[in-house]
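From just these sequences and the hints, can you work out the full model?
Protein chains: 2
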Amino acid sequence: MLGRLARFLPILQWGRHYHRQALAGDLMAAVIVTVLLIPQSLAYALLAGLPAEMGLYASILPLVGYALFGTSRTLSVGPVAVVSLLTAAAVGRIAEPGSVGYLSAAVLLALMSGLLLLLMGLMRLGFLANFLSHPVVAGFITASGIIIAVGQVGNLLGVAAHGDNLRELLTTLLAHIDAINWPTALVGVPALLVLFWVRSSLRPLLERLGVAPALAVHLARTGPVLLIIVTTLAAWLGGLDALGVALVGEVPSGLPVLALPVFDASLWGELAGAAVMISIIGYVESVSVGKTLAAKRRQRIDPDQELIGLGVANVAAAVSGGFPVTGGFSRSVVNFDAGATTQAASLFTAAGIGLAALLLTPLLAYLPKATLAATIIVAVLSLVDFSMLRRTWSYSKSDFIAVALTILVTLSLGVELGVLCGVLASLALHLYKTSRPHMAIVGEVPGTEHFRNVERHQVVTYPHIISLRVDESLYFANAAYLEDTVYRLIAERPEVEQVVLMCNAINEIDQSALETLEAINERLGELGMRFHLSEVKGPVMDRLRRTDFLEQLTGKVYLSQHQAIEDLR
Amino acid sequence: MLGRLARFLPILQWGRHYHRQALAGDLMAAVIVTVLLIPQSLAYALLAGLPAEMGLYASILPLVGYALFGTSRTLSVGPVAVVSLLTAAAVGRIAEPGSVGYLSAAVLLALMSGLLLLLMGLMRLGFLANFLSHPVVAGFITASGIIIAVGQVGNLLGVAAHGDNLRELLTTLLAHIDAINWPTALVGVPALLVLFWVRSSLRPLLERLGVAPALAVHLARTGPVLLIIVTTLAAWLGGLDALGVALVGEVPSGLPVLALPVFDASLWGELAGAAVMISIIGYVESVSVGKTLAAKRRQRIDPDQELIGLGVANVAAAVSGGFPVTGGFSRSVVNFDAGATTQAASLFTAAGIGLAALLLTPLLAYLPKATLAATIIVAVLSLVDFSMLRRTWSYSKSDFIAVALTILVTLSLGVELGVLCGVLASLALHLYKTSRPHMAIVGEVPGTEHFRNVERHQVVTYPHIISLRVDESLYFANAAYLEDTVYRLIAERPEVEQVVLMCNAINEIDQSALETLEAINERLGELGMRFHLSEVKGPVMDRLRRTDFLEQLTGKVYLSQHQAIEDLR
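The listed protein sequences correspond, in order, to chains B and V. First residue of the first sequence: 1, per our numbering; consecutive thereafter. First residue of the second sequence: 1, per our numbering; consecutive thereafter.
You may find that some hints are simply not true.
Unchecked claim - In silico lysine-lysine, DSS-like type, Cα no more than 30 Å apart, as pairs:
no. : chain 1 : residue 1 : chain 2 : residue 2
1   : V       : K556      : B       : K296
2   : V       : K397      : B       : K296
3   : B       : K537      : V       : K537
4   : V       : K433      : B       : K556
5   : B       : K537      : V       : K433
6   : V       : K397      : B       : K397
7   : B       : K433      : V       : K537
8   : V       : K537      : B       : K397
9   : V       : K433      : V       : K296
10  : V       : K556      : B       : K397
No lab work stands behind these hints: they were computed from the structure. Remember, it's a predicted structure, so these values are computed and weren't measured experimentally.
Encoded structure:
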């Protein structure tokens, strides 16, 4: 009973054996992640076009929800860059940023995404995420990173930049470039440079100064928080507000108030597509992080239960005034490296963020938005990676097409069309490839029982026998290609009397392909030829026996190609 | 030069060697097909909701167009049942049957379909038709046949029956069933019975009466024409018009006037989806007939040039006041059986139908529509075939799902949604199957070098070695499944030190799968295990060599699984 329950509430598994040693690691990790998460939460709320406090709200209850229902021990859930961008794109289509409608649509999006993930989890549809290929995901994340970074340049310089794609963003940015707010730029650009320096050089510097390596790593991570403190103080003391520097402004103090999002059927309809996309993209990102971390400790995650965990997290975000969340890469790695061994770390982190929401919010009023923009830019530029283009170019042209198309469409037409085109292109290319499988006429390598491609090897063949090997399962999309190939081969070779189909690479024959084989068999029979199969796999043979194909077959089924040639030559 | 041209104008191939013997066969076939085609053309015009003469127009120039550009020697092009039904469904959505807008939309649909086919032919996209699986096509044709037959019951009885699906048709039919026009029913029902009798019993009867079998076949085919003559005479002499029997009415005499269809951008937009569907369905039907007939005489058709041929035929239909056409099954078989050996038969048939349009049309005014309805019902009921349900049930459950879904959706929601659902379902099921490939842990059959599934055979294994065979190419949709399986296996077997992936059924490894193999290799390495491959195919190995995967590999690549075990045990 407890076992069954524990499958749906993984906390019951690790919670029962929780011990003091784990507590130390989890507490340490929680402190470090909390420090990291405060600026990130505020920044991603800004990226999604939402008030800063919503970032904090999205980092409290969702963590608790995932901690109860998720199967990764170390995944850290909260607002992430790509999902925040998708949220902004979706909600921006139906409401003005800053309006009440915009806020409630973002909350509703979290609810819809959560319910969808829960539903997919209950239906065990986790495998759907497998249809996003790695190149498409990589291309999408790279292009999203570029769009996010360019979009934040406006905040960094105090000019307007908006749009769903690179062209719109650059156009608006360049149109207003002469209206740069110099005080803002004087905060933003140095902040950006400091963050780059912190990321690349602070840790080695600390180590040279004699700080222990482990401590140096953690100290370097406090960089963004220090920057926030410094720029906030500068804005307060320098009265930057009056100089036109955009500040976060009054942030309501306290914990989020629980409430159900608005129910509005037409709004649900308008957000449905975006909810599907956010759910799937968020899930793929989260599962890939979770899988990597779990494998490092020889643990496993359950992809279907992950849907439940992330679903609960998003529903929790929605009822506590947050926006869509998922498992983030950087924060999860920090959590893992800092010694977290269970989701207790996330519970402590939630408490930490809760404390921050209670106590620190009055201090955030003077935080310049340019500082947050710098934080975002540094974070997302680490996502930009064009190496996938180079790797797929040399390894697989069809994967190259998928990744290039994803990047191009995302940059030129926006994130939603980009990922959709990428998925459709990778599916279409896969189907196209399997619809024209590799086929080879094979002959026997002299002195062996091996059969190889006549074009690659010196082999023995007989003019009255064609031995054709198909390197793919036979199904509707390639059945006609097989038929065309067989007819072409026999039309080219009038002396042929025996056709042997070598089936060692055929893992399945569907109904269409079965009918095609029947047609080939019948046609060859009418022309006075015989059609044979060799090396048919057990499961394929089992199914062929349930039809009358084997009785109709003009030739035989041979256990090996060698036997076939011995018999027919 | 002539060779290149002949590829685009196949008539140049057979036309240069045309001889007297072919002429005799072609002329004979033309006479028989003309006799068959006159009632069929009128009937399918009625089915499409169009005036009778449009059926004749669609059987003149399109035949000439295909004869010049098509690659099948014996295919006979013209209006067919399923395409006429699709035309009625598409055009009925945007105009009232009988209105001028309805007529011009049908003509425009032929033009759009023709241009689309031409475009696909120039882009060599004939392979797209392969994505319609046989079970989906069979289910679609069966369900269409039922819808057509039920729809014509109204014409047979003189009551109104309309709708796009079975429920609508039956509802309207039953609602008006008390308004049966008895004189119409007294023409229609006997006509139907006579046609069934002609189809099943006339030929055997003629043969028993001493008629030569070949002649008996041809005489039996004149049945529908005789029925038309008899019922037309009856309607004329009996004044059936006054009794409420619907007649074909005044048919304009003469050949079609050449004209370009109306150009109306919004109409093009509304018909675009239907044009795509009609093009693909018509193409699939035509190519499957053409391929079967060509193979019988060891000829071949060129699927891409067929697109050109059918495209020209549809454009010809459009400019001569016809509606969408394609290669029909019954008329092509009749043409073939009657001795046609070249497309000259179609040119003579076109001339025959042209003569009919010039001379016979005044006689058609008294032809009862109920006679045509009976012709249609008999023709389409031969298309209805539920055996595919039984065959796929025993052979392949996923094909069964595709065919059952196609039939159900076509009957309940209409032809267009039916074929769309069928195609999407068969693609989705195929992708789902390949996303969870068959995998087996294998061991050596004692005394041999064969490796077999440990669950099916008595084989030798070693506790520190896992040999895993994957029976599918590795690509993005199944890469995660492989990863999960490997991690599950090693988590269950703490004693494992060596993992061998037997790759003999792997025809391709895409970028996603390559990264997954890299991840598995790295993870196993971190856990102190080694990862090996065996029996990697040549083309797969060639591509792996272009990456650094083989350098990173913790284990080796073995030529055979036997060598792997000899080395590792």
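Quiz item: So which of those numbered hints doesn't the model satisfy?
Solution: The structure conflicts with hints 2, 6, 9, although it agrees with all the remaining ones.
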